[in-house]
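Asker: Put chain C with the ligand on the given structure of chain B with help from the hints.
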Amino acid sequence: MIISGKALKYGDNIDTDVIIPARYLTSTDPAELAQHCLEGLDPTFCEKASSAGILVAGKNFGCGSSREHAPLAIKASGVKAVIAASFARIFYRNAVNIGLPILESEEAAEKIKEGDQLEIDLDKGEIKNLTSGETFKVSPFPPFLQEIIERGGLMNLVKEKVNSR
Amino acid sequence: MGMTITEKIIAAHAQKEKVTPGELVQVKIDLALANDITAPLSIKELEKQKIDRIFDPDKVVLVADHNTPCKDIASAQNVKLMRDFARKYGISHFFEGGKAGIEHVLLPEEGLIAPGDLVIGADSHTCTYGALGAFSTGMGSTDIAASWVLGETWLRVPESILFLYEGKRKSFVTGKDLILFTIGKIGVDGARYCAMEFRGSVISELSLDERFTMANMAVEAGAKNGIMEADSKVLSYVSGRTSHLSRVYQSDPDARWKEIIEIDVSSLEPQVAFPHLPSNTHSVYSIPQIEIDQVVIGSCTNGRIEDLKMAAQVLKGREVHPRVRLLIFPGTPSVIKQAEKEGLLRIFLEAGGIVAPPSCGPCLGGHLGVLAEGEKCVSTTNRNFLGRMGHIKSEVYLASPYVAASSAVAGYIAAPDEI
Ligand code: SF4
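Sequences listed follow chains B and C, in order.
1 is the number of the first residue of the first sequence in this note's numbering; add one for each residue after it.
1 is the number of the first residue of the second sequence in this note's numbering; add one for each residue after it.
Treat the hints with care, as some may be off.
Claimed, not checked - Straight line, CA to CA, 20 Å or less: simulated SDA-like cross-link-like pairs of lysine to any residue: (1) Lys44/C x Glu32/B; (2) Lys28/C x Val162/B; (3) Lys28/C x Leu157/B; (4) Lys161/B x Ile54/C.
Don't read these hints as lab results, they were simulated from the structure.
Bound conformation, chain B alone:
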């Protein structure tokens, strides 16, 4: 699968409270959550995300609470993939489970600049920066996670298991 879009760049330790503040968590509707995604950090995020497409951040992205509303809000805002130097572990699981593509690369996260045109090849694990001409390699997901992603999320796998019992 190829994903292309423009980079929207943010810093280190972007936590789930700033991704989607708790006051909006009474909703489980992704579209509604998306409207407030990262608003405290960048009030124009939602607008930019739908046209830019790829979120690039520093280390420990998604730290803090376990709220799955965070990756849901990012996905529904129009972000097609998240590249970060590193991810907090609960966010990592949640993103895989709901089918939001995430890629971990310190080098890519450091070198990509705001507005760069990117092309991601998920199968090859490659990020191409079309603006600078650089290519970054990303280590692939372990096979089990790859399976979750290919089935389109964890629940599809669970359903298969339930039906086969």
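Answerer: Frame of chain B, contents of chain C with the ligand only:
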């Protein structure tokens, strides 16, 4: 090569002799928890997939604690969804109203956790139960929904970091100060994906309540879990509460550690974590005078009886500064009852504090104490992220109940011996 406590618990639940860090394993779970923010997503996911089986209703726990007593219609709808779900599947561990408290204070108190258990929860502070020698970790709503159906989940076996605390603590240095100092030392991603094992003579001396505080904040260093050996204090706490078997593990002498970090607590002073990261720690004695508007004492970090005793010790016979709102959130109904019995509630009320119902309330900027633009709050909670307790331009300073209570009296951040 030997194994750590964390590895032993995971191996036992994966029905394996041995596991090694980095390995992906399927594990059976002893309990899976969700709250009124995360459970609705899990429940809706199951409904969407038309899955209507739960592996064991007695191993599902639902706690309405975040936006409760329900702050608005949407919150009430969410709790109703949980209640209907609990009824449909015969889930007996559904807590609301006068039975509910903050989940991570409530579950151990209810005897739902025993040493050696493997517990997952749709809440990042599920790691709190490590204080009882259990492996417990936070996940998202979909993972929890899957575990409710299958009775199992997948885990990547974490590497373990050993933290050894030795020396003699100065006055007013609590478990909260130890963990804040530790996070300040290693950073908010210093233990990312790892297990933090806390050990040493200082840990043995700590009360169980202070140990819960430490394990609670392991996630603030990015850890998967925090864990301690189940010693005699733990065993006497769980006996009489839990009906299930305790499985007590210790790390082998030749266990593999990613790192061993030794901390001499003798020179440690009470800590304050400045906005907007729990790792921005300073000694309370080294900071300038910072005037504050609100103080919050409570939460899953410091909402237990020992915490309230510390606060009461400072507040007894004193008055809250006229500029400051002091909010006290006991963790559970039994903590309130105990506080009432010991005369602590009277001390808080006479000092001019507000005693609130057990709820997450202000900790996550939910309700009952949200901050306005520019306001500053000293809080015994665990997170001081941007906008965590309200307005994006408000500030949260994390500290122990001693420092929080003293700050309420002084009107600025202070330790008990400074007021
Ligand atoms: S008290 Fe705060 S940190 Fe603890 S469970 Fe509630 S919201 Fe989360």
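Asker: The structure should be examined with respect to each hint, and the outcome stated for every one.
Answerer: Here is how each hint holds up against the structure:
1. Note on Lys44/C and Glu32/B: the hinted pairing holds, with a Cα-Cα distance of about 16 Å set against a maximum of 20 Å.
2. With a C-alpha separation of about 16 Å, the suggested pairing of Lys28/C with Val162/B holds against the 20 Å cut-off.
3. Of the pairs offered as hints, the one joining Lys28/C and Leu157/B holds, with about 17 Å between alpha carbons and a cut-off of 20 Å not exceeded.
4. A hinted pair counts as satisfied when its Cα atoms are at most 20 Å apart, and Lys161/B with Ile54/C qualifies at roughly 13 Å.
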